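Please model the complete structure; the sequences and the hints are all you need to start from.
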Amino acid sequence: MLTKKLPPLQSFLVQVSRRASHVARQQYDVIVVGGGHAGTEAAAAAARVGAQTLLVSQKIHTIGALSCNPSLGGVGKGQLVKEIDALDGVCGRAGDWAGIHFSILNRSKGPAVWGPRAQLDRQRYREFIQSELLSTPRLTVLEGSVEELLVTEPNPEEPGQHRVTGIRLANESHPISASSVILTTGTFLSGSLFMGQTTSPGGRIGDAPSSAGLSHTLRERLGLRTGRLRTGTPPRIVKDSVDLSLAQLHPPDSHSTPFSFLNTHTRCKPEEQLPCYLTYTTPGVERVVKESLHLNCHIQQDTKGPRYCPSIESRVLRFPGRSHRVWLEPEGMTSDLLYPQGLSMTMPPDVQLRLIREIPAMHRAEIHTPGYGVQYDFVCPTQLSPALQVKSTQGLFLAGQINGTTGYEEAAAQGLWAGVNAARWALSMPAVALSRTESYIGVLIDDLVSRGVTEPYRMFTSRAEFRTTLRPDNADLRLTLKGFEEVGCVSSFRYQKAVRVRDSLQDALAALQSLALSPSIWRKKMPDIPMSETKNNVPTGMDILQYNDVSFETMASAFPECLSPYMEFSQRLKIEAVYRPHSEQQRKEIERIQREENMSLPQDIDYLSLPVSLSQEVREILDRVRPSTLGAATRLQGITPAAVVHLLNYVRHTGQKERRPHRYRTDQREDEEPRARNTSLPR
Amino acid sequence: MQPSVYHGVWRAAVHTLRTRGTPPCRLLSTAPLADAETIFALSSGHGRCGVAVVRTSGPASATALKHMAGLTRNLPPPRTALLRSITHPQSKEVLDRGLVLWFPAPHSFTGEDCVEFHIHGGPAVITAVLQALGSVAGMRPADAGEFTRRAFQAGKLGLTEVEGLGDLIHAETEAQRRQALRQMSGELGRLYQDWSHRLKRCLAHVEAFIDFSEDELIEDGVLNQVDSSVCDLQAEMERHLKDERRGERLRSGVQVVIAGATNAGKSSLLNTLCQRPAAIVSPIAGTTRDVVETALDIGGFPILLSDTAGLRDSPDLVEREGVRRARERVEQADLTLVVVDCAQLSSDAQQAAAFIRGHLTSILPTQEQPETVFPTDRFLLVLNKSDLLPEEQKQKLDRELRCVSGLPPVCLISCHTNEGLQDFLTVLHSSVKTLCGDPLSGAPTLTQARHRAHLQQCFAALAQYQRYRDMDMALAAEGVRLALTSLGRITGRVGAEEILDIIFKDFCIGK
Chain A
1 MLTKKLPPLQ
11 SFLVQVSRRA
21 SHVARQQYDV
31 IVVGGGHAGT
41 EAAAAAARVG
51 AQTLLVSQKI
61 HTIGALSCNP
71 SLGGVGKGQL
81 VKEIDALDGV
91 CGRAGDWAGI
101 HFSILNRSKG
111 PAVWGPRAQL
121 DRQRYREFIQ
131 SELLSTPRLT
141 VLEGSVEELL
151 VTEPNPEEPG
161 QHRVTGIRLA
171 NESHPISASS
181 VILTTGTFLS
191 GSLFMGQTTS
201 PGGRIGDAPS
211 SAGLSHTLRE
221 RLGLRTGRLR
231 TGTPPRIVKD
241 SVDLSLAQLH
251 PPDSHSTPFS
261 FLNTHTRCKP
271 EEQLPCYLTY
281 TTPGVERVVK
291 ESLHLNCHIQ
301 QDTKGPRYCP
311 SIESRVLRFP
321 GRSHRVWLEP
331 EGMTSDLLYP
341 QGLSMTMPPD
351 VQLRLIREIP
361 AMHRAEIHTP
371 GYGVQYDFVC
381 PTQLSPALQV
391 KSTQGLFLAG
401 QINGTTGYEE
411 AAAQGLWAGV
421 NAARWALSMP
431 AVALSRTESY
441 IGVLIDDLVS
451 RGVTEPYRMF
461 TSRAEFRTTL
471 RPDNADLRLT
481 LKGFEEVGCV
491 SSFRYQKAVR
501 VRDSLQDALA
511 ALQSLALSPS
521 IWRKKMPDIP
531 MSETKNNVPT
541 GMDILQYNDV
551 SFETMASAFP
561 ECLSPYMEFS
571 QRLKIEAVYR
581 PHSEQQRKEI
591 ERIQREENMS
601 LPQDIDYLSL
611 PVSLSQEVRE
621 ILDRVRPSTL
631 GAATRLQGIT
641 PAAVVHLLNY
651 VRHTGQKERR
661 PHRYRTDQRE
671 DEEPRARNTS
681 LPR
Chain B
1001 MQPSVYHGVW
1011 RAAVHTLRTR
1021 GTPPCRLLST
1031 APLADAETIF
1041 ALSSGHGRCG
1051 VAVVRTSGPA
1061 SATALKHMAG
1071 LTRNLPPPRT
1081 ALLRSITHPQ
1091 SKEVLDRGLV
1101 LWFPAPHSFT
1111 GEDCVEFHIH
1121 GGPAVITAVL
1131 QALGSVAGMR
1141 PADAGEFTRR
1151 AFQAGKLGLT
1161 EVEGLGDLIH
1171 AETEAQRRQA
1181 LRQMSGELGR
1191 LYQDWSHRLK
1201 RCLAHVEAFI
1211 DFSEDELIED
1221 GVLNQVDSSV
1231 CDLQAEMERH
1241 LKDERRGERL
1251 RSGVQVVIAG
1261 ATNAGKSSLL
1271 NTLCQRPAAI
1281 VSPIAGTTRD
1291 VVETALDIGG
1301 FPILLSDTAG
1311 LRDSPDLVER
1321 EGVRRARERV
1331 EQADLTLVVV
1341 DCAQLSSDAQ
1351 QAAAFIRGHL
1361 TSILPTQEQP
1371 ETVFPTDRFL
1381 LVLNKSDLLP
1391 EEQKQKLDRE
1401 LRCVSGLPPV
1411 CLISCHTNEG
1421 LQDFLTVLHS
1431 SVKTLCGDPL
1441 SGAPTLTQAR
1451 HRAHLQQCFA
1461 ALAQYQRYRD
1471 MDMALAAEGV
1481 RLALTSLGRI
1491 TGRVGAEEIL
1501 DIIFKDFCIG
1511 K
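In order, the protein sequences belong to chains A and B.
My numbering puts the first residue of the first sequence at 1, with every later residue one more than the last.
My numbering puts the first residue of the second sequence at 1001, with every later residue one more than the last.
Here are the simulated lysine to aspartate or glutamate pairs, DMTMM-like style, with alpha carbons at most 25 Å apart: (1) A:239 to B:1215; (2) A:239 to B:1216; (3) B:1433 to B:1423; (4) B:1505 to A:465; (5) B:1505 to A:455.
If you want the ones that stay clear, here's a sample from chain B, every Cβ over 10 Å from chain A, calculated: (6) 1070; (7) 1075; (8) 1190; (9) 1302; (10) 1343.
Covered, in the sense of this in silico footprint (three residues per stretch, anywhere, with C-beta under 8 Å from a C-beta of chain B), are these stretches of chain A: (11) 71-78; (12) 111-118; (13) 312-323; (14) 462-470.
Derived from the structure by calculation, the hints contain no laboratory data.
All values reported here derive from a predicted model rather than from experimental measurement.
Even for Gly, the Cβ is constructed at its ideal location relative to N, Cα and C.
What follows is the structure, given as structure tokens:
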């Protein structure tokens, strides 16, 4: 069931204010700047946690806009969407509502790396997000441009420490005050657009550039280190002008799997969904790129580009003589456009047209909107805590591309977590952290804050050490329970549902475990299973379910009395049985990392003069990165074990008595361990 | 790249410190904290000792004792020495005849079940017993500081002993690192590096297949290449593990290196020590260009003495290579004899000390900058050519330098007249004796046993790839990851970024 009906869009627009003077209050707990994927999740999460929240966006009708590709999820990214949903975020349900082509990528490669993905209808996605924000209690939406971020002078007792007090909008004299401000400005921070030889200021075509005041405050007043990154988007192609018979048809899955744990089906039925098309570049494409290089500012400035290939230019230059994939994706149910995934380009529009026409299916294609490149500033994310709060500025949180990431899902994940912590900060609750041992969101944030970025950061499953434990199927068990019990960002409705799922799965696993029979009885009951003769032990249902050809359904039909109550979980039980032995092996390593992560390092240590035995090199690394926990410190390059021992000796002796209220949670999880041990499902 | 030994040390350190913060009741509990693994190590020194002691700690100790001491029925009475034949648990080959002692938990050094094997001190016997222990299920070589850590967890150590834990771990890490460096610079090292390189590629290609093959063009042949690579690796590792020669023979002994500026008299010192003209001596600076190595016996302890090229910047290619080798040797050395021409020292003690300090810093390996204190126990300062100084200045220098703190032990000698040689030999003997008491220095057998255990894990993990190859790529990839982690304990840890580097180099991956 899809959980909500959309109210008509008009009523939404009526209820949001377009001018600050119309806003009921001039004070909020949390202000979110930006209405993209990070901003919308941040605002919704802050409000769920209980904060009076204001979302400020340049244009209300672009809230929830998909600026680039019309799709959500994929390998690695799909895991993030499942986790955002498990924490009651918005994008999973929006995807189920707006999706017009659902498929699970990597279907043949194992459930741990399945990539739930959907093509989206841009219009429907925006509608859902806007209506969701509207119906979120405690959340106000305001159209406006932020002129200035308001921060206090540095605290004389703690040099370099500022506190955020609010924002000031353009053309408004009165500031709006707040305890927390979340900046999710995407590519708008000193953004420039590139097409051919022309450049213009801005973060997205058709939108005004953001004010210079914001970057000034971040860089000059708060002294934050920034870097510059680049991205781009392909031209949009007129669908009717493409000869799709010359491209390979890729239909959606015959059965759509929703992103959200709350949904049993997607809004768009499989038979109504639209296909994607696959085609390839030709030598002609390479020729056009090479001939037009002198007309291409964005590429010429490619001094220190990323290791992957963000544009068709970089693809053919770095891997010449090959044919590259181009996906033609629908832009919406009724849209006349196609999105050519893989053809991001920045050359002049007439050359873009020449280029796409070198591909047979597009030999007569027309361009609706040309592609362009964007260069923008990001704030080096090692200056953030794992709560995504700027270490030097209390109450200031950053999420999304401003932290050097790329992708909707990466932005949404950070937005959600920044929203949670911004609200908790405003409500004087301690910060919460997600471990990389329990979630991809934790991997993402830990990678960002403890290692930083040199190219736009994108999630891959290979970044997660515990990939076989952090699966899309069990995101609810990993996060929904914690999200309700410890974080406060999950509704009790979702929580109750997750509790029921957990209990049923536990009962089912217990039933499977208690089904311990001799091999001969197994063979009699299930003649098809490949049971080895030599084994003289008594395999359980869990053991048998691990076999490649045994499904839970087959087993339930052999033992209906004890297994049939759990038919609705058949797929999850099968997955659990296959991965269980490996999760057990990983448990010790996971517990070790969690112990390290539970040992926090005070943020105000002066590493350079600390009276302990540390080499200068180690001191400089620690001083630069300021890891929040021992776990983060251990992952830094160049930190020796002895250095950590010495450091901890010092912290143990001096740090404990002055632990601050806003430090990260410590040791609590350990106290809960006995209970966790008894449950048979991974948390 | 982090040295392989870090991982375990790390875990030990962290574990211990966590325990330190918990209330005393927990601290004194005898239950081991989730350490189901049983560890073993040589706990006596090496060299010319009659008896070597090999110790185990953990639940599998009893099994090991039963299997290796032929005690099929009952364990021996606790804490009572028993003379037994010690056999290999699988091949039943008799390795030695020695004493075994059984210390059931909690009355043992670590609070866990412990066994001590008192065996004959020859390297062959020690190696055989260590490798036999490694073949018992659930047993692995101990990481640096691990016995101590377990003892601490069990509340068996006093606070003062714990205070030194950081330094202990540092010392053991360093010793293991030097040992590993020595081993990795040879043929065996090249073999392991080659395996590591191939495994990295395998993993990168499997990961590329998982993360990108749905969107990007990942050639069909990629997985087949991985398949054949994994097969080859398995076969090579199996052959290597079965090879009775156990790789190249490493010379046992404390590694002592003579280093210093040109013409300080390093080669003369070598010749004096080994009482024969092993190295060419001349007044021409830069005479020694390669490493000259001699095995020596100092007061009953085996040492491997190396003379190296004088450290200076030289335009000569051959000499430059010699200097590079010299620095490499210092890095790998257990003990470095820094030779200084004392005729070049200022008569003012403070100035002389400052000169010596600067000199030492220039000799130290760069990544091993002193962590506030100079590692004096690994250096001896030899002031040569004392015959060139007037008697009065000699005594003043000797007296005053001894009072300067932070300098290694100082010996004033003359290789020309043998003046001061006896005193120097006494100091050298005591240093070598201390080093030999440390079971980690100079004993390649221990490193070999550790490497073998990691290789076996690596080999086993590759089987997981094969098992899941057609069922579940995530689990198959897990096998390659585990294999690389195990091998990484020898060749250095491999991070996710390094794998991504290979992926992006080999495949065109879009936005």
